[in-house]
Amino acid sequence: MRLLTGNDLKTGAVTWWTGSDWSIHVEDAADVAGSEDEIARREEAARRVNSPYAVDAELQDGSPRPSHIKERVRALGPTVRPDLTLKPADPEIGNWVI
Amino acid sequence: MAETLRYRDDQPVDHPAVTVDAFVDQSNAQAVRIEPGDDTRELLPHLQRLALVEVNFPAFGDGRGYSSARMLREAGYEGELRAVGDVLVDQLAYMRRCGFDAFEPDQQFDMDDVKAAFERWPEVYQNAADDRTPIWTKRHP
Amino acid sequence: MYKYDQYDQAMVDARVEEFRDQARRRLEGKLTEDQFKPLRLMNGLYLQLHAYMLRVAIPYGTLNSQQMHALADIADKYDRGYGHFTTRQNIQYNWIKLEDAGDILADLAKVEMHAIQTSGNCIRNISSDHFAGATADEVVDPRPYAELLRQWSSFHPEFSYLPRKFKIAVIASDTDRAAMRLHDIGIQIVENDAGELGAAFYVGGGMGRTPMIAPCINPFVPLDRLVTYAEACLRVYNRYGRRDNKYKARIKILVHEMGAEEYTRQVEAEYAHLLEEGVEPPFAELERIRTYFEDPLFEAGAGDEIDRSDPDFAVWVDRNTVAHKETGYVSAVISLKPVGGIPGDATAEQMRLMADLAKDYSFDELRVMHTQNIVLPHVRKADLHALWTALDEAGLGSPNLDTVEDIIACPGLDYCSLANARSIPIAQRISERFAANGKTGTLGELKLKISGCINACGHHHAGHIGILGVDRKGVENYQLLLGGSEAQDASLAKITGPGFSEDGIVDAVETVTTVFERERQDGERFLDTYRRIGMNPFKEALYG
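Chains as they are written, first to last, in full-length UniProt numbering: chain F, 1 to 98; chain L, 1 to 141; chain B, 1 to 544.
Treat the hints loosely; a few may be bogus.
DSS-like, lysine-lysine: derived pairs with alpha carbons at most 27 Å apart [as the list claims (entries may be wrong)]: (1) Lys115(L) <-> Lys3(B); (2) Lys165(B) <-> Lys248(B); (3) Lys138(L) <-> Lys3(B); (4) Lys77(B) <-> Lys10(F); (5) Lys3(B) <-> Lys10(F); (6) Lys10(F) <-> Lys110(B); (7) Lys30(B) <-> Lys10(F); (8) Lys110(B) <-> Lys138(L); (9) Lys110(B) <-> Lys70(F).
Everything labelled a hint here was simulated from the structure, so no lab data went into it.
Computed from a predicted model, the values in this text were never measured in an experiment.
Please work from the sequences and hints to get the whole structure.
Quick look at the structure:
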C-alpha cells in the first residue's frame, strides 16, 4: 500500500493522509495508491500540508507500517527519546520501529 | 511577464538586448544580456557604448548575477543594470546594494512588499556598489 | 565579550521583522515552499524529520550567562525542554513551530543573539578556538577577527546565494582546536619575523562526501586587509563554483578542479582590484572590537594548588581541566557526554546551572566546543572543587574529555531527514561498553566521531576512529574508519573494509582498541600507533 505523508505547515508536525483529513497517527493513514499525486497537489495548494510525498507501507496487525525505517522513525519519534514519541508508555514500540 | 521596476530617471533603452558574444562582435549594440555562465569581464572594455545590461536569473538561487552587477559598477558602468527572470521580492534589497537599478521579474511583485523590502535595512555592514555608508564607517567618522 | 551597539541591535531587530513578514507571506500562500525554503534556512529554520528545527548562532562559540539562560528559556517555552549543541559551536532545537519562530528570534534579539545565516548557501557562523583568550599558546585572541568577519558576512549582498554553504574558522595558535583546515576557509592568525600579525588563509577544506584538507593559499595577509582578502576568495568562488551538481558545489571542489595555484592567482587578481575599491573597514574598527575581548580581571597571585584528596574529583581535574595562561586558573570542560547519554544534548535545567556556574566561577563566560561540550574558560583552581560538586550533582561531571566516551555524533536518523542510519544509539552503546570494561582512562586520547550519512556532520573522516552509517537495503549498516585527525596534524581516516551491523560496530570498535593496547608503545595515542603500524593489523583483527 501507499501512504501520503508530509508536515503540518504551521507546526511542522508529521502528518498522514486519512482519506479525508490529516492525522499525526500513522495508524489512521489510508491507502492512496494511484491518487497520491492528485491529493498531494490539492492539499499542498490549500496549505493544509507542507512538502507531501508518498511512501510504501505494509499492513501489520491491521495497521499500516511504513516499509522504510526512516518513515517509521518519522511516524513515531526519536528512538533515543521514547518519552518524546507518540507512544511513550508502550515498551514494545521499539520493535515496531527497528 | 510583469512590468519593469526602474529606479532611474533617464529614458529606457528600447533596443533588444543581445548576448555577450554578439555584443562583443558587433559595434552598434547598446544593450546586452548576461547569462549566469558568461564572463562579465568581457564587457569591461566596451562599457562606454552600453546603456542597458540585463542580468538574467534563470533560477533565483543562482547568485552569480550579484557578482556580475557589482563588477560592472566597480568598473564604472553607469547605465541601467536590470535584474531579469526569477527575481524574488526578498532579494531586491541585496540586488540594489550590488548595483541593480531596474527589475523585470517573471512574476509581478506586490508593491507593498517591494516598499517593505527597500525600507527593511536601517543600516548596512559592508561597502558595496550603492552609496550607503557602512556601519563601521559611521562608528569611525 | 563583544557587546552590540545600536547598529548591531538595529540589524538584528530588522531581521526579526523581515522573518516575521516572510513567515506571514508563507502562511498566507504568497510564497511557495520552494521560495520560502532558502529564506527560512538563512534564519536557521529547517524542516527536519519530526518538526521544524531551529539552529541558533553562537558566534565563535562564546556566550554569557544571560544568553545561556535565554537559550534554556527557549527550550522550555517553545521546545521540549532541551537543546543540542552542534559541531559548529551552535545550538539547535528539534521541535519548533513555524508560527513561533518569529517570537523566538525576537527573544534571542533581546539578548544579542540570532539565527542569521545558520543555514543556507551563505556564509555561516564563524567558528573559533574554544580556549581563545585563555590558552597560553595563542599569538593573540582570535575572536576579534572572527567578530569582524561576522559583521562583514552578515547580510552580505553579493554572497547570500553562493553555490553552497560556506564555513569559516579562525584560530591563532599552532595547536588547532577548531578543525581549521577542514573548513571552506580556515584562517590562522600568525606573527611574522618582524613581530607583525597577519592572517594565513587556508582555502578549500571540508568533510562531506569528498573530504579535503585545505591548502594554504596565502601565508600572511596583513590584518588591515583581512576583509578584502576574504571578499576576493568569496567572489572567485561565487563566480566559478559549480552550480550544476550540489555534491560538487563546495569550494573544495573548485580549488581541487581549478588547482590551488590557479585559484590563488585569481584571488590575488581580485584582491588587487578590491584593494583599489576600498572595501576594507577602517582599522579602528578592529581596535574597537578588540577592546571587548580584553582579559577579565584575573586575581593576582591566585593559589596554584589543588586539593586532590577526593579521588573522583582528582580524576575529573586530570581529565577535564586544561592549562590556562594565568597562574592559579584553568579552563574547565563540562562534558555533555554522560555514559549512555546523547552527545551534545543539555536540558534547560542543565543550561541554567551551567550559566549560573559561569557567573559564579568564570567571569560570566561560557564556550561551546566543536566537540559538543561546554567550557568555562577562566576558573580559579581554588573554585574547582565547588564547581565539580555542582556539576556532578547535575549529571554534568563526566571525567571523559578527549577519551573514547567523548564521542561526536550527528543527530542521525533519530532526528535528521538526510540521515541513512542512527548515530546516537551507536555512541550510547560504545560509551556504555567502555565504561563497563573500564578502559576509558587507560586508552588515553581517542577521538571517536560518528556520522549518520555521507554528509559527515559527525566528522567521521577526522576521527581517530570514525563511524559512518549507511543504508543497506533499508537496514542500518556501519562502516569503520581509522586514522583521521582534525587537529594540526590533520589527516583523513580510511575505511577498514566491509561494514558492520549495529551490534557488530560496537564490537569492532572494541576490537581495534584491543589491537592498539597490544601494539602500543609508551605514551602513544591510538592515532600514533595507527600511523606507525598502519591499517593491516587492525584489518586482520577485524576480518582475519
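How the hints compare with the structure:
no.	hint	verdict
1	Lys115(L) <-> Lys3(B)	31 Å, violated
2	Lys165(B) <-> Lys248(B)	12 Å, holds
3	Lys138(L) <-> Lys3(B)	17 Å, holds
4	Lys77(B) <-> Lys10(F)	17 Å, holds
5	Lys3(B) <-> Lys10(F)	34 Å, violated
6	Lys10(F) <-> Lys110(B)	24 Å, holds
7	Lys30(B) <-> Lys10(F)	15 Å, holds
8	Lys110(B) <-> Lys138(L)	23 Å, holds
9	Lys110(B) <-> Lys70(F)	38 Å, violated
Of the numbered hints listed earlier, those contradicted by the structure are 1, 5, 9.
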